[in-house]
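Participant: Per our numbering, residue 32 is the first one in the sequence shown, and the count goes up by one each step.
Keep in mind that the hints were calculated from the coordinates and are not lab data. Among the hints, erroneous ones may be present.
As the list claims (entries may be wrong) - When the alpha-carbon atoms are kept at most 27 angstroms apart in a straight line, the in silico DSS-like pairs for lysine-lysine are as follows:
#1 114 / 137
#2 333 / 348
#3 96 / 142
#4 532 / 228
#5 203 / 184
#6 364 / 545
#7 461 / 545
#8 184 / 142
#9 333 / 314
#10 620 / 567
#11 314 / 280
#12 100 / 131
#13 545 / 431
#14 316 / 96
To be verified - Here are the simulated distance ranges between beta carbons:
#15 349 / 119: 52 to 58 angstroms
#16 464 / 381: 37 to 43 angstroms
#17 369 / 96: 50 to 56 angstroms
#18 445 / 336: 37 to 43 angstroms
Glycine included, C-beta positions come from ideal geometry on N, C-alpha and C.
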Amino acid sequence: LTIEQALQQGVTAHKEGKLQDAERLYRAILQSQPLHPDANHNLGVLAVSVNNINAALPFFECALKANPKIEQFWLSYIHALIKDNKFDNAKEVINQAVQKGFNQEKLIPLKAQIVPKLQTGKANSGKLNNEAKNKKKQKSQKHNLKTRSPSSKELKALQAHFQNTRYGEAEKLAKSLTQKFPNHQFGWKVLGAVYEKTQRMSESLHANKKSVQLAPQDFAAHSNLGNILKLLSRLDESEASYRKAITLKPESAEIHYNLGVTLRALGKLDEAAASYRRAIILKPKFAEAHFNLGVTLQDLGKFEETEASYRKAIELKTYFAQARCNLGILLYKSGKYNLAAEQFELSATYQSRLYAIQCSYRQDDKATFYEKYDNLVAQGENNAVLGSLGFCSELKYGVKKSNPFCNDPLKYVATSDLTTQYDFDSIFIKVASDVLKDSSVSYREQVYLTNGVQTAGNIFALPKVFNTDIESIIRTEIEKYRIHFQDSEEGFIRDWPNSYKIYGWLLCMQSGGKLAPHIHEIGWMTGSIYINVPPKTKIDNGNLVVCLYDREHVLEADKNQQNIIDVATGSMCLFPASLHHYTIPFEEKEDRIVLAFDVIPIN
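Between the sequences and the hints, there should be enough to build the whole structure, so can you do that?
Facilitator: Now the structure itself:
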């Protein structure tokens, strides 16, 4: 739809009483044009119709800011202020409208709604007896105590401490101000920021919530709260906070960008891309927005647009290492190893070093490959990529090297039956079913997958999964695995990460579905939980295969270099991330559903 078509359809739905459809269309317009006056005005009218005046006022203000020449915008705004009992504000806005030259006769009915209330207030005040006057005075004194403000000197000192990263002094002064002036927002706002900088997220959340409560029209307070909620993985709440901030300041490119980050983590890829595009419209030279748009488009399988976004980010920020690394990965996956290697050399990140050595391997540059391999091992690098390349290069070049990650990974494949330990139906099957039925869940491009789909984003960030015991159960099983193998001298056990995150997704395959051999480069361990495995008409249908070698050499491997794992509904499998894995196709009509995940080291 064009903007005009969307607006017309929204107005039609509005008139027909289809308020949800109208709101959806108006908000769609704001995704493309955040300052669109009619869409903002009409959303305000919708909010007033359901008596949500607080939500309506920012929309009316935005509409007026975009086009102050429309009389109806002024009339709607004044009417909302009166309905919210903000009579002084309404009177001031009426005066502004008169100064703009609008017909005063149209404002008379609105003035009439204000004057009686003001007069009534005066009449009642004259009838107060002495006791009532004293109570009013006491109440006023209490109010004054509550509304007292810090001095400008104190506020400047607090701001200076924070801006100069003197977080200890900033925290001390902020706490003092929140105790002396509990209803003054600035102390809470800075305290929340200090707690965030010093990694005390729960305290930061409390302070930021207080900041929003004291200043509900402060867009930055809502944005700060969204940031904290995002860091705490409470992504649905983070999304709500960012959206509120956007209604208060729709022209902020940074808030649209942050909303995009949250939406992508929730797997809402189309919405995330739209948020990044809005940020770019508002701030065309926003390199990070171009980069994140590229990452999202890559997940959506739009590779030409992805490359254009990465290149634009690099054009705007020449030494943008992440953008160069992601562009390199895109080129690598399309087989352009020379071009990819150039980007990896310019990037010089940890991930780019791992891909650079893979470029040498794919180009069959034996000397360069072993030079890079030996250097990385000598520097103490230990990861799944080196573990995998150690085996693949041995088969390819006939040179055996000590493997820093795991010399015998097939011995470290562990399986268990979760149905004997947990209520598998209600904890796993029902939740997975709810996720797959949810129309708001997005799916990403998966080049290794045939006849199936893979959810986008981290499934553990979705509210339907976040509020369950699934991640907790997985962490428990991982800890059992670590304890079982704790005496091993293999590198991936010896260098077990002090902290890690779990990143997961759902795979749903139809008859004939399969996964090609691959590893998860950024993982330390890989795991899979089998939500539904159809009854097998052939012995190995749908089974998991873990092996030492990649797609290029898997057919050359003998049976001692791979394990076929017989999986059933409720099975859980854990193995070192250096092992390649694939699935045997199945022919049954039921869907094969798997919750796959990676253990990813933090730092």
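Participant: Indicate, hint by hint, whether the structure satisfies it.
Facilitator: Against the structure, the hints come out as follows:
Between residue 114 and residue 137 the alpha-carbon distance is near 17 angstroms, which keeps this suggested pair within the 27 angstroms criterion. Our distance criterion of 27 angstroms between C-alpha atoms is met by residue 333 and residue 348, whose separation comes to about 23 angstroms. The suggested pairing of residue 96 with residue 142 holds, with an alpha-carbon distance near 23 angstroms, which does not exceed 27 angstroms. The straight-line distance between the Cα atoms of residue 532 and residue 228 is roughly 20 angstroms, inside the 27 angstroms bound, and the hint therefore holds.
For the hint linking residue 203 to residue 184, the alpha-carbon distance of about 15 angstroms falls within 27 angstroms, and the restraint holds. At most 27 angstroms may separate the alpha-carbon atoms for a hinted pair to count; residue 364 and residue 545 meet this at roughly 20 angstroms. Simply put, residue 461 and residue 545 have alpha-carbon atoms about 24 angstroms apart, close enough for the 27 angstroms limit, and the pair holds. Between the alpha carbons of residue 184 and residue 142 the distance comes to roughly 42 angstroms, so the proposed pair goes past 27 angstroms and is violated.
Our distance criterion of 27 angstroms between C-alpha atoms is met by residue 333 and residue 314, whose separation comes to about 23 angstroms. Proposed proximity of residue 620 and residue 567 is supported: the alpha carbons are some 10 angstroms apart, at most 27 angstroms. Simply put, residue 314 and residue 280 have alpha-carbon atoms about 14 angstroms apart, close enough for the 27 angstroms limit, and the pair holds. With a C-alpha separation of about 8 angstroms, the suggested pair residue 100 and residue 131 falls inside the 27 angstroms cut-off, and the hint holds.
Proximity of residue 545 to residue 431 is assessed by CA-CA distance (about 32 angstroms); at most 27 angstroms being required, the pair is judged violated. Between the alpha carbons of residue 316 and residue 96 the distance comes to roughly 24 angstroms, so the proposed pair stays at or under 27 angstroms and holds. Checked against the given bound of 52 to 58 angstroms, the beta carbons of residue 349 and residue 119, roughly 53 angstroms apart, stay inside it. Under the hint 37 to 43 angstroms, the C-beta atoms of residue 464 and residue 381, about 38 angstroms apart, fit the expected range.
Remark: the range hint 50 to 56 angstroms for residue 369 to residue 96 is upheld by a beta-carbon distance near 52 angstroms. A C-beta distance of roughly 41 angstroms is found between residue 445 and residue 336, which places it inside the suggested range of 37 to 43 angstroms.
When each numbered hint is compared with the structure, violations occur for hints 8, 13.
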